[in-house]
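Which chain is which? The protein sequence lines are A and B, in order.
According to the numbering used here, the residues represented by the first sequence are 483 to 700, in order.
According to the numbering used here, the residues represented by the second sequence are 1039 to 1256, in order.
Hints are computed from structural coordinates only; laboratory data are not their basis.
Mixed in with the good hints, there may be bad ones.
Stated by the list, open to error - Covered stretches of chain A, as calculated for chain B (at least 3 residues, CB under 8 Å):
#, region
1, 512-523
2, 553-567
3, 581-591
4, 644-652
What the hints assert, rightly or not - Partner residues aside, some chain B positions facing chain A, computed with beta carbon under 8 Å:
#, residue
5, 1112
6, 1138
7, 1227
Note that the structure is predicted; figures quoted are calculated from it, not measured.
Every residue gets a Cβ at the ideal spot worked out from N, C-alpha and C, and that includes glycine.
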Amino acid sequence: MSLTVHSLSCARGGVQILAGVGFSVAKGEALILRGPNGSGKTTLLRTLAGLTPPLSGRIDVPPDGIAYAGHADGLKAPLSVAENLAFWAGVFGAAGIAPAVDAFDLHDLLDRPAGNLSAGQKRRLSLARLLVTGRPVWCLDEPTVSLDVDNVARFARAVGAHLAGGGSAVIATHIDLGLTNARSLDITPCTRAGQQPRQPRQPLAAQDIDPFLSEGAL
Amino acid sequence: MRGLLIRDLRLAIRAGGGFGLGLAFFLIVTVLMPFGIGPETGILTTVAPGILWIGALLACLLSLDRIFALDWEDGSLELLATSPLPLEAVAGIKALAHWLTTGLPLVAAAPVLAVLLNLPAQGFGWLIASLAVGTPALSALGTFGAALTVGLKRGGLLLSLLVLPLYVPTLLFGAEVARRGAGGLDALTPLAFLAGLSLLALAVMPFAAAAALRVNLR
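Next up, chain A with everything else stripped away, as it sits in the complex (with noise of 0.2 Å):
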C-alpha cells in the first residue's frame, strides 16, 4: 500500500467538512474523487498533501510521498518554461527535465517566458512539474481545467505511464480519464457509511480550531 487513510477528519476555514474518510490506494492504483462543487474533495487533497493538519484521523503514506499539483499553477511569469521546470527539478533533487518536457510536449515552449503561455500551455507546465518531483503519490485537484482534448489524452497517458511505474494517484476530476486501474471514491459532506447523512456543518469549538490563534498570539 501506497497510501492508507483512517477515519479521517478534515476541516477547511475552521469548519468541519469531511469526517470519517477511509480508503487506500495500492501501487500502481489511482483512486478517482467525485462529488459535486464545495463537497470536500480540495480539502482532503489538501490535508493528505499536509497543507491542512486533519482534525483527526491517521494518513499512513512513506515519507516524502505526496506530490501535490492545486488550482494554481505556481508557475514564475518572468521565468521561462525551462526556469521554472529547472528550479522545481533542483528543489526535489531530480535529475533532469528531459522526461517532463517530452511527457507534455513543451519543447516548442521552453524559451517562453511562463506569464505569456495561454491557460492550457501554462497547466501543461503546471503537470509537467509533477514529473520532476519523483514522487510516487499524485494528489491532484482538478488537473485537466483549461487542457484540450489531446492534452487531456496526454495527461492520461502521463498518469497512466506512472502507476505502470509502480507510482500511484489521487485525482479529483469532473471528467473521465479513460485510466485502467482505477476505482471512484464519491466525496460526500460530513457523512460516514451507514451513518446519519448530511450532519449540518458546526462551528469548531475553538480549542479545536488552532491553539496558536487562541493564546492570542496574533
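Given the coordinates of chain A, assemble chain B onto it according to the supplied hints.
Here is chain B on its own, set in the frame of chain A:
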C-alpha cells in the same frame, strides 16, 4: 536551497521585480532632506546619521510585502510547503534574498548619500559598518512580518504596523553607532549590541516565520 535563492534573485532583477525600489526610495529621502532642512552644514551634520538610518529602514520596509505575497498569489508557496525544503529554510532563504536585493544596495549607496548630508569623513566607516550589521536584522524581522500577513488583501499596512515596533531597537543602536562614529567617539559598544540584535533575529525569525506560514497556509 541554492536554487530558491537564485530564482528569487533572478525574479527580483527581471522586469517588474522591484529590485531598485528600496534603493530609489533611499535616494529620494536623502536627496530631498537637505532641501527640507536647509543648507546649514552644522544642522545637517547633526541629523545625518539618523536620517540615513531612517531612510534605510523605510526603504527596507517598502519591499517587505513582496517577500511572500507573490509566491502566495501564484500558488508556489503551497508547492514549496509540500516540497522537501523545510519551511524554515524557505523563510531563511527569502530573508537572505531580500537582504541581497534591498539591504546590500543600501549599504553600498549609504556613503555616497552621506556626502550629501555632510557626514564627517571619520563617520563613513562606522555608518557602513552599522548598516552592514543592522540591515540583516531588518530583513529577518520583516520576513516574519510578511509571513504573518501573507494572504491578507492589502496586508501592507498591517505589516508595517507589526514590524515597526520590532525595528525600533535596531534603529536605536544602528543610528547610535553612526552618530558616535561621526562624532569621533567610541562606537564599539552600540555596534556590539546591534550585532547581538541581528544574530538574535537571524536565529529566531526563520522559525517564527515558518510557524506563521504554516498557520496561514491552512
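To see whether the hints hold, each was checked on the structure:
Taking a C-beta to C-beta cut-off of 8 Å, the region 512-523 of chain A contributes 0 residues in contact with chain B, too few for the three needed, and the coverage statement is violated. Coverage of the region 553-567 of chain A by chain B holds [criterion: at least 3 residues with CB-CB distance below 8 Å; count 10]. Proximity of the region 581-591 of chain A to chain B, defined as three or more residues with a beta carbon under 8 Å from a beta carbon of that chain, is not established by the 0 residues found. As drawn, the region 644-652 of chain A meets chain B at 0 residues by the rule of a beta-carbon pair under 8 Å; below three, the given contact is violated.
With its C-beta approaching chain A no nearer than about 6 Å, residue 1112 of chain B sits inside the 8 Å limit, and its interface hint holds. Hint status for residue 1138 of chain B: violated, given a least beta-carbon distance of 17 Å to chain A, over 8 Å. A distance limit of 8 Å between C-beta atoms decides the matter here; for residue 1227 of chain B the minimum to chain A is near 34 Å, and the interface restraint is violated.
Checked against the numbered hints above, the structure violates hints 1, 3, 4, 6, 7; every other hint is satisfied.
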